[in-house]
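Trainee: Sequence:
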Amino acid sequence: MPKNRYTSIVVSVVIFLLLTSGVLVTSIYNSLKIRDLRAGSALSSNLRSDIPKLTQEIYLLNIMRQQQQPASALQSQAAEITKLMAEIDREVITLNEGGSVAIRDDEDIYKPSTQPDQIKYVESTSELWKSYQREATSFVGAQSALAASALESKFGESTQGIYDNATGLSNSLSAENGQRAAFLRNLQIFGISFAILYFIIFVLYFVRRLKSSDEELITARRETQEIMETVNTGLFLLDKDLNIGQQHSRALNGIIGADRLSGENFADVLRGRISDKDLKTTRQFIEQLYNPRVKEKLVDSLNPLHKVMLHNTSGEDSATSRFLDFKFSRVYENKDIARILVNVNDVSDAVYLEQRLEKERSQNDMQIEMLTTILNVNPKIINEFISNTKAHIEKMNNILKNPGSSQFELEGKLKAIYREMHSLKGEASALKLHSFTKIASDAEDKLDALQNQGKLSGNNFLQLAVHLDDLLSLSNTIETLGERINQAAPKANAKPVVSTAAAVKAAPITEPLKTTTPQSSVGNNKVADFSPNSINVEGGNEIDLSDESDGKHLAYYQDFAQDIAVRQGKQIQLNGHNLAHVNIPAHLKQPIKEISIQLLRNAVVHGIESPEARQSAGKSAIGSIDLEMQRDSQNLIIALQDDGQGIDYEGIRHKLVADGRFEQDAASQLTQGELLKTLFASGFSTKEHADEDGGRGVGLDVIKALVKEYNGKLNVNSELGQMTRFVITLPAA
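As numbered in the numbering used here, residues 3 to 735 make up the sequence shown, in order.
There could be a bad hint or two in this list.
Label-pair ranges, simulated between beta-carbon atoms [stated by the list, open to error]:
(1) Asn-293 - Ser-126: 52 to 62 Å
(2) Ile-191 - Val-333: 38 to 48 Å
(3) Asp-278 - Gly-406: 34 to 44 Å
(4) Asp-351 - Phe-410: 50 to 60 Å
(5) Asn-293 - Asp-661: 14 to 24 Å
(6) Arg-37 - Ile-121: 11 to 21 Å
Below, simulated BS3-like cross-link-like pairs (lysine-lysine); rule was C-alpha separation at most 27 Å, straight line [stated by the list, open to error]:
(7) Lys-299 - Lys-309
(8) Lys-156 - Lys-417
(9) Lys-382 - Lys-403
(10) Lys-156 - Lys-55
(11) Lys-392 - Lys-706
(12) Lys-448 - Lys-299
(13) Lys-457 - Lys-657
(14) Lys-337 - Lys-242
(15) Lys-679 - Lys-397
(16) Lys-440 - Lys-417
(17) Lys-392 - Lys-382
(18) Lys-710 - Lys-689
(19) Lys-329 - Lys-279
(20) Lys-657 - Lys-706
(21) Lys-113 - Lys-85
(22) Lys-297 - Lys-329
(23) Lys-403 - Lys-392
(24) Lys-679 - Lys-448
(25) Lys-591 - Lys-706
(26) Lys-440 - Lys-361
(27) Lys-417 - Lys-679
(28) Lys-679 - Lys-689
(29) Lys-679 - Lys-706
(30) Lys-448 - Lys-361
What the hints contain is simulated information worked out from the structure, not anything from laboratory work. Ideal placement from N, C-alpha and C gives every residue a C-beta, glycine not left out.
Build out the structure end to end from the sequences listed, making use of the hints.
Mentor: Structure follows, in structure tokens:
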């Protein structure tokens, strides 16, 4: 019906526009052509006046030569002739090729004529000018005067010919100009008459026809109003400027929570109720909906208001924030996008249900992960982890409670908390407790941001409390699960389940601690060579009375190192020596474990190269790491050696300059010992990008802090491209 109703109007308007456009286009074309003809007339007139003037100047130069006037006067006259020749030459070229023509204070563009008679004038003028120009150039270059008859034969006929051609061309252009002006005048009269006639027809016929459809429109509007009053969803229209239409469903006010919405700007309605980022994205999203080149289904997946939370801004305690789901659809008029239809529903109940289910699913996944760890790891290790986690959390809480608000004291707190969190993450990663690792990694991200912050304040540390509570909650959960499993298990046959590794290699228990030091070693502390006591035992075989093998102890570290190697795209072989046969004092068990974890992480991430790099260097694709322990009456020694790339001191020097810690000149003066010391500084790492396994500059800082805390010694030996060896000596008492 609407199409049939307006077809005649559309057709008549199209015809009117086509005729009007034809009149306008024709008028514009003729106006431009008249302007072009005016430029041609001006150009031919200039040529007609310039050629006699040039001939006159040539005659004057000849007279001056006959009178033997001074050379300066002759040169001045010759220059004037040359200048005039150049001007005429430009005019002739413009007649042939087109170009700009100066008319009073204005310039017009002249296009070469297409009329046969005008082309003939131009071609004849060009030929005559070439002959004239050649003779004039020769005459100006000569020094002697010519007889009057000679001058006449050289320039008289050419001058008259060029003058006549310019006159003929000017007359032809003027005649064509007059014809086009008359045509343009008649065309304008026709256009005005047609417009008046069309207006009369339109008013008498079409407007009267439109009035007859008013009743139908009123009926349709009433039906639409009834629908908008009854529907339970929020419906409204948006224009390009994000203005809400005057008509919308009654339910919209209650869903949005606003008394007045008609005519309001959609962005103003949402401002303060969603984030500024979401508001900006919403603007861009609606702009894309109005872009006809963008597919509606494709852009619908980018809807930023899908199940979005609208915050309560009324200030009433009873009012709560709600989740609303906005759906946007294009409204077309004649295949053009006219408006956007918005359908909004309150989906708060559904979202809360989804969140509750997701939370329960996450808790179930977490408990399954913890159960898997409990069932596959020695209960003693699990209990140690729980105890250590609570100890780390307690330490971090105590650090936060310590007084001190100066910048130096706050930086000290930050470094101490960073070390504790990094140690906790390392132990959780070794047990594959990803929930712990994720929370610790998130906390490290915040700590890293604080470390890069210019100035610290006490309030900066408040955000860490949430992570500490989450870690404590997880540790309580795993402790509860462990207790339930232990209660349900048969006690008579209860034995710890120990994880195994496919590539575990244990050295004989009688092998002494390796202490070979390369010539390029760095470190001031010498590690003693521990060997069995010199007690002669003749005959018989020594019996190993230990209930545990190195393999059980090594499996824990092997799994941890292999997980890191997989994430880093490397291959490693971890070898253990005397891990099960060293009596570690109770107060050193936890620091030894933390140091071992950090040393292993450092060896895999920073020491061992990728398989390709190792093979290029003539090494085996599998990197070798040796973890050794030894004890005498006074000290306990732990050593870790890898056959990786060694410590690149020049790389450390360049990284110090790149990080802005040292100027180039100062960095070049640092000794190897000083460079090595920076490796153990908090926040410094040679890794370009931080990840779960390294790059934050905390691991070696943890080792340094533990060695200092227990009054130990640290020795580092390295050979570039060959190996790195860490030897840590801790007092046993």
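Trainee: Could you run down the list of hints and mark each one as holding or not?
Mentor: The hints, checked one at a time:
About 60 Å separates the C-beta atoms of Asn-293 and Ser-126, a value consistent with the hinted range of 52 to 62 Å. Between Ile-191 and Val-333 the beta carbons are some 44 Å apart, a value that agrees with the proposed interval 38 to 48 Å. Taken as a hint, the range 34 to 44 Å holds for the pair Asp-278 and Gly-406, whose Cβ atoms sit roughly 36 Å apart. Between Asp-351 and Phe-410 the C-beta distance comes to about 53 Å, which sits within the given range of 50 to 60 Å.
In this structure the supplied range 14 to 24 Å is violated for Asn-293 paired with Asp-661, their Cβ-Cβ distance being about 45 Å. Range check, Arg-37 to Ile-121: Cβ separation about 20 Å, and the 11 to 21 Å hint holds. For a cut-off of 27 Å, the pair hint linking Lys-299 to Lys-309 stands: about 18 Å separates their Cα positions. For the hint pairing Lys-156 with Lys-417, the CA-to-CA distance comes to about 102 Å; that exceeds 27 Å, so the pair is violated.
Annotation: proposed proximity of Lys-382 to Lys-403 is violated, straight-line Cα distance about 31 Å (limit 27 Å). Only pairs whose Cα atoms come within 27 Å are accepted, and Lys-156 paired with Lys-55 is accepted, the gap being roughly 16 Å. For the proposed pair Lys-392 and Lys-706, the alpha carbon gap of about 22 Å is at most 27 Å, so the pair holds. Distance check on the hinted pair: Lys-448 and Lys-299 sit about 38 Å apart at the alpha-carbon level, beyond 27 Å; violated.
Our distance criterion of 27 Å between C-alpha atoms is met by Lys-457 and Lys-657, whose separation comes to about 23 Å. For the hint pairing Lys-337 with Lys-242, the CA-to-CA distance comes to about 16 Å; that is within 27 Å, so the pair holds. At roughly 26 Å between alpha-carbon atoms, Lys-679 and Lys-397 fall within 27 Å of each other, so this suggested pair holds. For the hint pairing Lys-440 with Lys-417, the CA-to-CA distance comes to about 20 Å; that is within 27 Å, so the pair holds.
In summary, the hint linking Lys-392 to Lys-382 is supported, as the alpha carbons are separated by about 16 Å, within the 27 Å threshold. At most 27 Å may separate the alpha-carbon atoms for a hinted pair to count; Lys-710 and Lys-689 meet this at roughly 25 Å. Restraint check for Lys-329 and Lys-279: the C-alpha separation of about 19 Å stays at or below 27 Å, so the hint holds. With a CA separation close to 21 Å, the supplied pair Lys-657 and Lys-706 stays within the 27 Å bound.
Pair hint Lys-113 plus Lys-85 holds up; C-alpha atoms about 25 Å apart against a cutoff of 27 Å. Distance hint between Lys-297 and Lys-329 is fulfilled; the C-alpha atoms sit about 15 Å from each other, no more than 27 Å. Distance check on the hinted pair: Lys-403 and Lys-392 sit about 16 Å apart at the alpha-carbon level, within 27 Å; holds. With a CA separation close to 26 Å, the supplied pair Lys-679 and Lys-448 stays within the 27 Å bound.
With a C-alpha separation of about 17 Å, the suggested pairing of Lys-591 with Lys-706 holds against the 27 Å cut-off. Our distance criterion of 27 Å between C-alpha atoms is met by Lys-440 and Lys-361, whose separation comes to about 16 Å. Taking the CA atoms of Lys-417 and Lys-679, the gap is near 16 Å; set against the 27 Å cutoff, the hint holds. Taking the CA atoms of Lys-679 and Lys-689, the gap is about 17 Å. The hint holds against a cut of 27 Å.
Between Lys-679 and Lys-706 the alpha-carbon distance is near 10 Å, which keeps this suggested pair within the 27 Å criterion. As the CA atoms of Lys-448 and Lys-361 are separated by approximately 24 Å, the hinted pair is consistent with the 27 Å bound.
In summary, the structure is inconsistent with hints 5, 8, 9, 12 from the numbered list given earlier, while agreeing with the others.
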